[in-house]
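Peer 1: Sequences and hints are given; from them, build the entire structure.
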Amino acid sequence: MIIAEKKPIEEIIDEVKDFDRILILGCNECVTVCEAGGKKEVEILASALRMYFINKGSEKKVDEKTLERQCDHEYLEELRSTIDDYDAIVSLACGVGVQFAAEKYLTTPLIPGVNTVCLGANEARGLWTERCQACGSCVLARTGGICPVSRCAKRVLNGPCGGSTNGKCEISKEVDCAWQLIIDRLKALDKMGDYEKVAPIKDWSTDRAGGPRTVTREDVKI
Amino acid sequence: MRLKIPSNFRIIRVPCTGKVDIIHILRAFEKGADGVYVVGCMEGDCHYNEGNFRARKRVEQAAGILDKVGVGGERVQMFNLSSGEGPLFAQYSIEMDTKIKTLGPSPIRVAKQNKKNAA
Numbered sequence: 001m002i003i004a005e006k007k008p009i010e011e012i013i014d015e016v017k018d019f020d021r022i023l024i025l026g027c028n029e030c031v032t033v034c035e036a037g038g039k040k041e042v043e044i045l046a047s048a049l050r051m052y053f054i055n056k057g058s059e060k061k062v063d064e065k066t067l068e069r070q071c072d073h074e075y076l077e078e079l080r081s082t083i084d085d086y087d088a089i090v091s092l093a094c095g096v097g098v099q100f101a102a103e104k105y106l107t108t109p110l111i112p113g114v115n116t117v118c119l120g121a122n123e124a125r126g127l128w129t130e131r132c133q134a135c136g137s138c139v140l141a142r143t144g145g146i147c148p149v150s151r152c153a154k155r156v157l158n159g160p161c162g163g164s165t166n167g168k169c170e171i172s173k174e175v176d177c178a179w180q181l182i183i184d185r186l187k188a189l190d191k192m193g194d195y196e197k198v199a200p201i202k203d204w205s206t207d208r209a210g211g212p213r214t215v216t217r218e219d220v221k222i
Numbered sequence: 223m224r225l226k227i228p229s230n231f232r233i234i235r236v237p238c239t240g241k242v243d244i245i246h247i248l249r250a251f252e253k254g255a256d257g258v259y260v261v262g263c264m265e266g267d268c269h270y271n272e273g274n275f276r277a278r279k280r281v282e283q284a285a286g287i288l289d290k291v292g293v294g295g296e297r298v299q300m301f302n303l304s305s306g307e308g309p310l311f312a313q314y315s316i317e318m319d320t321k322i323k324t325l326g327p328s329p330i331r332v333a334k335q336n337k338k339n340a341a
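Respectively, the protein sequence lines represent chains A and B.
Read in order, the letters of the first sequence are residues 1 to 222 in this note's numbering.
Read in order, the letters of the second sequence are residues 223 to 341 in this note's numbering.
Calculated from the structure, these hints are not laboratory results.
Don't take each hint at face value.
What the hints assert, rightly or not - Simulated pairs of lysine-lysine, DSS-like, Cα-Cα distance not exceeding 30 Å:
1. B:K226 / B:K290
2. B:K290 / A:K61
3. B:K334 / A:K17
4. A:K104 / A:K154
5. B:K226 / A:K60
6. A:K61 / A:K39
7. A:K202 / A:K6
8. B:K323 / B:K279
9. A:K61 / B:K226
10. A:K40 / B:K226
11. A:K39 / A:K104
12. B:K253 / A:K60
13. B:K323 / A:K65
14. A:K39 / B:K321
15. A:K202 / A:K173
16. B:K253 / B:K334
17. A:K65 / B:K226
18. A:K168 / A:K154
19. A:K56 / B:K226
20. B:K323 / A:K7
21. A:K40 / B:K334
22. B:K334 / A:K6
23. B:K323 / B:K226
24. B:K226 / B:K321
To be verified - Some chain A residues close to chain B (C-beta under 10 Å, calculated; not the full set):
25. E43
26. I44
27. G145
Just so you know, even glycine gets a beta-carbon here, dropped at the ideal spot from N, CA and C.
Peer 2: What follows is the structure in structure tokens.
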């Protein structure tokens, strides 16, 4: 899922201080699961903002709403009838949701309430780690299901670099060497033969190098 | 035991302090409470294993938010005691009452009152 983390309240306060009618807009998908922008976080942020502004003696309307998703037309349409009641929207969705809402409601400023971090997994309670960089051409089949693109700092594709020491990466003792993990797993799978195969030069045009990406599916178009 | 406790607080019963969320604490302040204290079981004695630890973390987070919005994180506190410690409950209540009285009314309540008077 998409991993995001809450922006500091001070930063959000600074962005919204000039608006009088504010909607805090949550998203029920990834940001809910990573506890950054779901219904609970919407309630907490809205309550904090209300208290801040009451305390400052300014009268502001801070409302709350959480949509099923902010990256789909039909859910964003739910705002259509009330959008003009607000001077600004603080969206707690990932960058996708913020932008999609901004494209839909041209005259209402959209302010992001979270920092979108990566595509990751919930490794343990309170710990989310990156697993995918959406490079557009997956190599996991021959790397034992461990991604050298997202988990190796250098994104090397043919074994570890010289910075791999005792299974850790040279950038930090906390970071596993992705290639050490790959080799360990290939050994466990008895597929070390795959390791010997030289990976061809990766086509990075499917990554960000090729500009913004789109997926077109004629079979599902109506 | 007929213990004397302050009469200016309201007890909200929850099945376990693990039920208490940050928003519950914030709402209390938004509605004008001067202080909130959460009383959980002894650490390590939670019937649900982690309920009181969760509560403590949430109290800390709520305190952080209250600090940032100018209400003051010291107005919220977590206490632990066992269900047999009535006198300790009374003592904590008095402690909290004294602390909040020293701090004075919550700025939210003051701001709301001022607004009401101006209207």
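Peer 1: Sort out which numbered hints this structure fails and list those numbers smallest first.
Peer 2: 1, 4, 5, 7, 9, 10, 13, 14, 17, 19, 20, 27
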